[in-house]
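Asker: Next come the chains, spelled out residue by residue.
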Amino acid sequence: MSAVMGSLLVILGALGFSVSLCQEYRMRLALLKRIRGVYEYMEFQISYGKLPIPEILRKLSIKDELCFQQEFGRIARRMEEGQDLAVIWKEELEAPLKKSGLRQKEQEWLLAFPTKQGFLKGQAQAESLNEIRRELEEGIESLQREQKNRNKMIMSVGVAGGVLLSILFL
Amino acid sequence: MGKRDEILSLFPDGLKGRMKPVLEDVAHLNEIRLGVNCPCRIIREGCEYFLSPKGMCLTERDGAWQITAREIEDIVNQICNYSLYAFENELRQGFLTVQGGHRVGFAGKVILNTDGSVRNLSYIRFLNIRISHEILGMADSVLPDLFEQEELRNTLIISPPGCGKTTLLRDLIRQVSDGTKERQGQQVAVVDERSEIAGSYQGIPQNQVGIRTDVLDACPKTEGMMLLMRSMTPRVIAVDEIGSEEDLAALQRVAVCGTGVLATMHGYSLKDAEDKLGKSKNLFGRFLLLTFQDRKRSIRIYDVEKHLLQETAL
Numbered sequence: 001m002s003a004v005m006g007s008l009l010v011i012l013g014a015l016g017f018s019v020s021l022c023q024e025y026r027m028r029l030a031l032l033k034r035i036r037g038v039y040e041y042m043e044f045q046i047s048y049g050k051l052p053i054p055e056i057l058r059k060l061s062i063k064d065e066l067c068f069q070q071e072f073g074r075i076a077r078r079m080e081e082g083q084d085l086a087v088i089w090k091e092e093l094e095a096p097l098k099k100s101g102l103r104q105k106e107q108e109w110l111l112a113f114p115t116k117q118g119f120l121k122g123q124a125q126a127e128s129l130n131e132i133r134r135e136l137e138e139g140i141e142s143l144q145r146e147q148k149n150r151n152k153m154i155m156s157v158g159v160a161g162g163v164l165l166s167i168l169f170l
Numbered sequence: 171m172g173k174r175d176e177i178l179s180l181f182p183d184g185l186k187g188r189m190k191p192v193l194e195d196v197a198h199l200n201e202i203r204l205g206v207n208c209p210c211r212i213i214r215e216g217c218e219y220f221l222s223p224k225g226m227c228l229t230e231r232d233g234a235w236q237i238t239a240r241e242i243e244d245i246v247n248q249i250c251n252y253s254l255y256a257f258e259n260e261l262r263q264g265f266l267t268v269q270g271g272h273r274v275g276f277a278g279k280v281i282l283n284t285d286g287s288v289r290n291l292s293y294i295r296f297l298n299i300r301i302s303h304e305i306l307g308m309a310d311s312v313l314p315d316l317f318e319q320e321e322l323r324n325t326l327i328i329s330p331p332g333c334g335k336t337t338l339l340r341d342l343i344r345q346v347s348d349g350t351k352e353r354q355g356q357q358v359a360v361v362d363e364r365s366e367i368a369g370s371y372q373g374i375p376q377n378q379v380g381i382r383t384d385v386l387d388a389c390p391k392t393e394g395m396m397l398l399m400r401s402m403t404p405r406v407i408a409v410d411e412i413g414s415e416e417d418l419a420a421l422q423r424v425a426v427c428g429t430g431v432l433a434t435m436h437g438y439s440l441k442d443a444e445d446k447l448g449k450s451k452n453l454f455g456r457f458l459l460l461t462f463q464d465r466k467r468s469i470r471i472y473d474v475e476k477h478l479l480q481e482t483a484l
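For the record, the sequence lines run as chains A and B. The first sequence lines up with residues 1 to 170 when you count with our numbering. The second sequence lines up with residues 171 to 484 when you count with our numbering.
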């Protein structure tokens, strides 16, 4: 009886591990979608509102449905103190992005923002952000495709691994 | 934020160190002039100095800090908060008012529209940072002579450039708006076409213009005056640097409605102003002629008959 219980626990453990791996993918995907939302919001405010960057960041800092609210708030404040955007952007966002579980290339989509500034026309400025958003969009689509296949594979391998382990223990 | 920090915040981190020593004496600083491949120049109390790379004021240009195109770009980005697109209209006009009411003038390569009008500036290569200095109380000795039977007479301030007519106008606005011990404050409306009177930043006046003053910032004078007459029902309207026929026609309409006028005009003498005013010369009941010689500012006040009422040093 205890052997059967043990085997079941091993299988459940393997299943849980697979689910957590899948969850990590889902969270990555969700964060990328939120970053896309940040860029969409910025493009809109630049094209139609003609708002300067610190003001857009301050608005972003109170948007719960997006991400990095606190960091955006701090960047806006530091920009108004006259600090260099490229420096503070990196200082404020590099650490939370590293913790987020995003791959290096995915982190770059947000970290690259300061390099896309300096256009005289709002439309041109929004277009330059749109370039990043398009890359981000492609990244999200490919991750979604990858996620479907990977999820199946992870679950199958996880369950099979659990069964195999339980057989070996028995 | 103090005046020193307001100016310092216009410079990127890498250049702040150079500007700090010279900004210790910001109260006497008039302008900072920057141009690509040119020495950085500081105008202090009307005298020109050159800035060394360590931030020291030099009387000779040798050893002065030569500004690079990249440094100018960094400063422009800093001034515009990395949001040049948000200041498209200001860049087209060639200047921008920053926090504290200070003005930054731009020059560089102009992009034209097909009709020949200015579309925008690209390759900004020259900057002129003008530090705003209010002189509170400048109008103290002048104000009593502008009233007749407790009514403010329409007043025109005349002076050559750089003599302080906008500074005087600003203090007049403040005192008329706030009121004094002798007089109650009045509702004042300001059409601040070049953001020089109130020095508005994001629509908020950075200079003291009084508690009963409504400011229409960066609006053409003629449209602005009519708009304010309709919307804010002022007792007094104030405008800077009138001169065109459209300005005078709009002022006539304002006066017809019974609203008082405070205005300034470029000019070297009363005769000069009369010539520019043409048929509108009877619009004004007081003329203030400002002069600035040997670092001394003086003012003459004339009535509608051009009789001298007062001559005083400011």
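Careful: at least some of the hints might be erroneous.
[Said to hold, decoys possible] For lysine-lysine, the following BS3-like pairs were computed, each having C-alpha atoms within a straight-line distance of at most 30 angstroms: (1) A:K99 - A:K116; (2) A:K121 - B:K279; (3) B:K186 - A:K116.
Hints are computed from structural coordinates only; laboratory data are not their basis.
Asker: Compare the structure with each hint and give your call.
Answerer: Hints, one by one, checked against the model:
1. A:K99 - A:K116: 24 angstroms, holds
2. A:K121 - B:K279: Since the Cα atoms of K121 of chain A and K279 of chain B sit roughly 15 angstroms apart, the hinted pair holds (cutoff 30 angstroms).
3. B:K186 - A:K116: Given that 30 angstroms is the threshold and the Cα spacing comes to 24 angstroms, the pair holds.
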